[in-house]
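*Asks:* For chain A, the structure is supplied; the task is to place chain B on it using the hints.
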Amino acid sequence: MILSYKWLCELTGARLDPGELADRLTAVGLNIEEVGDAGYGDHYLDADITTNRPDWLCHLGVAHEIAAIGKLRVRSPEIALRETGPATATLTSVATLPEAREICPRYVARVIRGVKVGPSPDWARERLLAIGQRPINNIVDITNLVCFEMNQPLHAFDLRKLAEGRIILRRAKNGEKFAAITGEKCELDSSLLVVADAARAVALAGVKGGENTAVDENTVDVLLEAAWFQPRGVRRAARKTRMSSESSYRFERGIDPGMTERASARAAGLILEFAGGELAAGHIDTNPGLAARSAVTMRFSRCDKLLGYRVDPGETRTIFAGLGLEEVGATADSVTVLPPTFRQDLKREADLIEEVARLAGYDRIPETVTMPLLLSQVRPETRADRIARRTLAALGYHECITDSFVPADWCPPFAPSAAQYRVRNPVNAERPVLRSSLIPSLLEVRRTNRSEAEVRLFEIGNCYVKNASGPREPPRLAILDDRGMEYVRGAIEAALAALSVAGEAGVRAADAPGFAFGGGAELTLGNAHFARIGLASAEQAARFDLDAAPGLGEVEMAVVAGASEIGRAYRPPPRFPGIRRDVSLSVPEGVKWADLEKTVRGAATLLDGLEFVSLYRGKGLQAGFKGLAFAMRLRAPDRSLADEEANSVRDEVVKVCLAAFPGAAPR
Amino acid sequence: MPLLDEVEALRKEAEKAILAAAAREDLESARVEFLGRSGKLKDLMGRIREVPPELKKAAGQRLNAVKSGLESLFADRKRALSAGESAARPQPDPTLPGRTQPLGTIHPLTQALERFAGVFERLGFTVRQGPEIEDAFHNFDALNMPDDHPVRDQADTFVLEDDAILRSQTSTVQIRVMEEHVKRYGGGAEMPPIRIVAPGRTYRPDAVDATHHYSFSQIEGLAVDRGVTMADLKGFLGMFARETFGPEVKTRFRPSFFPFTEPSAEMDVSCVFCGGKGCRVCKRQGWVELGGCGMVDPNVFDAVGIDSELFTGFAFGFGIERVAMFMLGVDDIRRFTENDLRFLRQF
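Residue numbers (this note's numbering), protein chains in the order written: chain A, 1 to 667; chain B, 1001 to 1347.
This is chain A alone, in the form it adopts within the complex:
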């Protein structure tokens, strides 16, 4: 909203320079973003006006604020009308059909006959130019001037173009066509209100006038409309027809219901002045009593309690009086006021307290901390995120933050059973769904960093899954490591260790086609699935232009956070030394470490720890065989173990393994 400095000064007699005025207005919440030379000896103030203050959408409204700040009086424009024509009721009529009463509770019409359409006087043209509006002709310019002065959108119809010269306020018919004065055409429906004549719609109420009844250079008789349209009705019309205007902008926010007739009179007076003609006697007003005011009470004690310092009741009264709040009652601890009709935002005690805070100045509010101590908690999910993040960073992984929106075909290969959320109004049409896996985004980051030789990445964030019971947002950790999936698993295990997660992770085959070799592996804690790891499939590597397939993993952070046992009880260190025995076997390719591990654990008595040592392929082994080596830590709880005992355990383990895996042999 562009404000004219000169105009504001005329209305208030303010003597501040434009910069000072801007600062003072900003300090009470009317944020002036820019001050500049408007030409014509004027300055403009570019105001960012919040939706709660539609009264600031005009110069008179801002003038009231300036008056309140500077203890000045607003000089409202004087209106003296010479009604020399016949009675208005003999020239036109306004009928509000019952279906229209909710959206148009007040409609004021005046008729001016015999006008001469032409350019406005220079002062009016300059005023419009200073606030960035284009002068058109005297009649249209007047409706604009009054709108920017009093915040009352007005419309002038060419009376002779109105069928039967009368106004009917009704709902549009479904499919009714409407062509706006600005050239747009649209189809209406019965939820929308139109201003009609005896034959057709002549305006979309509160939004746009119609092309069919517009004032032009040949217009002689004018019907001047000033109405109060319901904000929701106008908003609906503007949204449905995708048309908006200075008028709809104001009606949507709520204009002063007490200004309708006065603004009409002001405009009529200016028309007589600029364009001549004779004003019909009297006017039509369908609801002069619309602007009822209701009283609001504020307790001084409540105000002090909310703001945290004491504002003297005398000062509060001065502030209220300056804002035009009329005192109608008081007790020792309260004051009751009637706000002016242009302050529709003042309905509750809290609204009045804000006025006190604003006008007394936010700078006056002290900085105190009187609230009692409160112990904060670190919730398990917060702690798990933090520890996992620090562990991974310490292991050389870089944290990424990627877009929640992804192409539709990215995630299903990594989360085959998850239903994805589609966005109805995506900003980036190539990314219309919410991710159900973090992995593709890390592959994309890998592509971004193609020039890097070896990369380790992770992200912690939510995924989004559509469920019958509603949306699920599983928090996840995803890892990408060029060195391979065993490093991914190592990183996951390090994070589990840092979080003191009890129990060892189990492994079972998974079937997510984004992973190579049959879909990767699932890691379990207890029986709960908590992670998926694997090598990117060749197809995935190709999709993201990667020469080599990186190791990948995705962890359910909720499971991890739930299994974390930081602070669990201590176990005494063993009292007797253990003995290490290494075993190296040659086994067929099909034998997995997990199978071997399970067999060893079943066979080894006195086993206190089992460690994978190496995987070997090549010289000295038959084709189709590989070497697996492991180390057992054997320990008895009650004595030092003898070498012979350890040897016999080892021999037994080897024997059981050879029996379990046909073809296996000691190396």
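Source of the hints: derived by calculation from the structure; they are not laboratory data. Note that beta-carbon positions come from the ideal geometry of N, C-alpha and C, so glycine has one too. Please note that a few of the clues may not be correct.
Label-pair distances were calculated between CB atoms; the ranges are [unchecked claim]:
{"id": "1", "chain 1": "A", "residue 1": "GLU187", "chain 2": "B", "residue 2": "ASP1209", "range": "34 to 42 Å"}
{"id": "2", "chain 1": "A", "residue 1": "ASN467", "chain 2": "B", "residue 2": "PHE1137", "range": "52 to 60 Å"}
{"id": "3", "chain 1": "A", "residue 1": "ALA453", "chain 2": "B", "residue 2": "LEU1096", "range": "43 to 51 Å"}
Here chain A is said to cover these stretches of chain B; the calculated rule only asks that three of the stretch's residues, wherever they fall, bring their Cβ under 8 Å from a Cβ of chain A [unchecked claim]:
{"id": "4", "segment": "1030 to 1042"}
{"id": "5", "segment": "1104 to 1111"}
{"id": "6", "segment": "1160 to 1170"}
{"id": "7", "segment": "1191 to 1205"}
*Replies:* Just chain B now, kept in the frame of chain A:
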């Protein structure tokens, strides 16, 4: 030749041999020749008998002096030789660069979030999360943003298939936490205080440019208790600002409007780069906008069932990207989601 002359000649000869020794072996053979158990000096000492008795004492002293002189010369030479030798041997060089595993990094936005959340945690605020996929009640209605009101224009949202929406602000977590609290304790006299911060992602369908993105992060704060005042709000946020931006930083609160707070304020901090004098970073304003705050609107308390006569509260919300860009001098918001390692490694 008298004995003393012979001693003098031997001394010169021995000195010459010791100083000429270029290696440890040469020096050792010189020692054996002159100072050894059957060396030349020992010979001369044996001949002290030949000296007339009245001169014996002086001759003995002279011999001893030459011996100790040669011994110390020998020791010096030995030190010098071994120093020279060890300079050629392999030895540690502590000026070499250290060796370690390369560290990874925590994303600058996470760092900023953790830093902000950390200050509030020390002030008794618990970090809480809330869903990003929301309904209109939590994103709008309960936050005093009625349907069909222009206030919703500023908070256009992404709409999902089943009329769910993506939250357009983390204020939704305020509502979630208060609802949970009321469910557990009731919203009346028995209700314990609430003090939370909620960091998280938010979404608005804005076009992407250097300073806007359709997905961004906010940190939301909420304190509800008996007798929470706007002075407390200024006190807490003032402490936060000084802890985050330095003890010299000044704060400014301007009246503003948010549907869920009243009174509402925009909080500015003095520019940390120019100290408030005005520079390129703060666009010559001297102030940088940090975010919005205010006293919880009674309608919000009504929506969740907290007695607004008994309880008051304050709330605040900051955009993380904006503040991080300001603090780190990042010129384009897209850098944060690009994840170029040359960018990430700097943090």
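*Asks:* Could you check the structure against the hints above and give me the numbers of any it violates, in ascending order?
*Replies:* 2, 3 and 4
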